[in-house]
Amino acid sequence: AQTVTQSQPEMSVQEAETVTLSCTYDTSENNYYLFWYKQPPSRQMILVIRQEAYKQQNATENRFSVNFQKAAKSFSLKISDSQLGDTAMYFCASLGNNNDMRFGAGTRLTVKP
Amino acid sequence: GAGVSQSPSNKVTEKGKDVELRCDPISGHTALYWYRQSLGQGLEFLIYFQGNSAPDKSGLPSDRFSAERTGGSVSTLTIQRTQQEDSAVYLCASSGGKQETQYFGPGTRLLVL
Chain A
550 AQTVTQSQPE MSVQEAETVT LSCTYDTSEN NYYLFWYKQP PSRQMILVIR
600 QEAYKQQNAT ENRFSVNFQK AAKSFSLKIS DSQLGDTAMY FCASLGNNND
650 MRFGAGTRLT VKP
Chain B
14 GAGVSQSPSN KVTEKGKDVE LRCDPISGHT ALYWYRQSLG QGLEFLIYFQ
64 GNSAPDKSGL PSDRFSAERT GGSVSTLTIQ RTQQEDSAVY LCASSGGKQE
114 TQYFGPGTRL LVL
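Protein chains in written order, with my numbering: chain A, 550 to 662; chain B, 14 to 126.
Because the hints were derived from the structure by calculation, they are not lab data.
Every residue, glycine too, gets a C-beta built ideally from N, C-alpha and C.
Check each hint, because a few of them may be wrong.
Computed list of lysine-lysine pairs in DSSO-like fashion (alpha-carbon distance at most 30 Å, straight line) [claimed, not checked]:
hint	chain 1	residue 1	chain 2	residue 2
1	B	K70	B	K111
2	A	K627	A	K661
3	B	K111	A	K604
4	B	K111	A	K622
Computed Cβ-Cβ distance ranges for the label pairs, DEER-style [what the hints assert, rightly or not]:
hint	chain 1	residue 1	chain 2	residue 2	range
5	B	R77	A	D649	14 to 24 Å
6	B	K30	A	L633	34 to 44 Å
7	A	R612	B	P74	29 to 39 Å
8	B	E81	A	D630	42 to 52 Å
9	B	V87	A	Q563	36 to 46 Å
10	A	M560	B	A15	26 to 36 Å
11	A	P558	B	N23	24 to 34 Å
12	B	T114	A	R657	15 to 25 Å
13	A	Q605	B	K30	47 to 57 Å
Sequences and hints are given; from them, build the entire structure.
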């Protein structure tokens with residue numbers, strides 16, 4: 550079974566600053582994928598970034614990047630140059646061989662002007 | 014192309030009534046998932062369809078919950094004899110296959126009075 554833990558229920562950051570959201574996971578599988586999703590107040594879940602566990606290189610999507618530490622089972626999300634539109638719930642998720650996606654409890658991020 | 018759509022957006026029902034929630038996946042996606050998100054919580058996996066294979070029902074919380082996927086496309090989640098604890102947002106996602114990225118619909122907010 551997979552478990553995903555997000556230890557920061559809430560975070561805030563000033564506009565244009567950088568913030569890092571933490572995520573740890575536990576899995577016994579070798580072939581798995583990790584994701585960060587964003588859920589704004591509209592409740593639409595939006596994919597932010599995806600990481601294949603077999604890749605050592607950290608995934609990057611514009612202002613969003615991850616720090617993937619496979620041995621430590623850590624998968625943090627860094628948001629650079631934070632924008633007001635980044636305000637949302639952020640969910641970390643792990644997808645295993647059985648195609649079952651497990652989500653963390655989420656981190657509520659507020660970007661302050 | 015069109016994303017995942019769900020209907021209705023909101024549903025208010027009385028305790029004991031049956032409800033049907035609909036999901037239209039992205040065209041060509043073979044995998045379809047249902048999740049439940051209670052207020053302020055992460056996502057709880059309910060059921061997963063992959064092609065013509067038997068669905069993975071391991072996440073359904075009780076026998077009052079069932080789901081069908083007709084013609085490998087549209088899916089309906091049915092909750093019989095609704096209870097107040099069924100109140101939640103029900104999210105549907107689809108993907109191109111096993112361990113592919115899941116794309117989410119906007120969800121149906123269910124309120125059981």
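Which of the numbered hints above does this structure break? none
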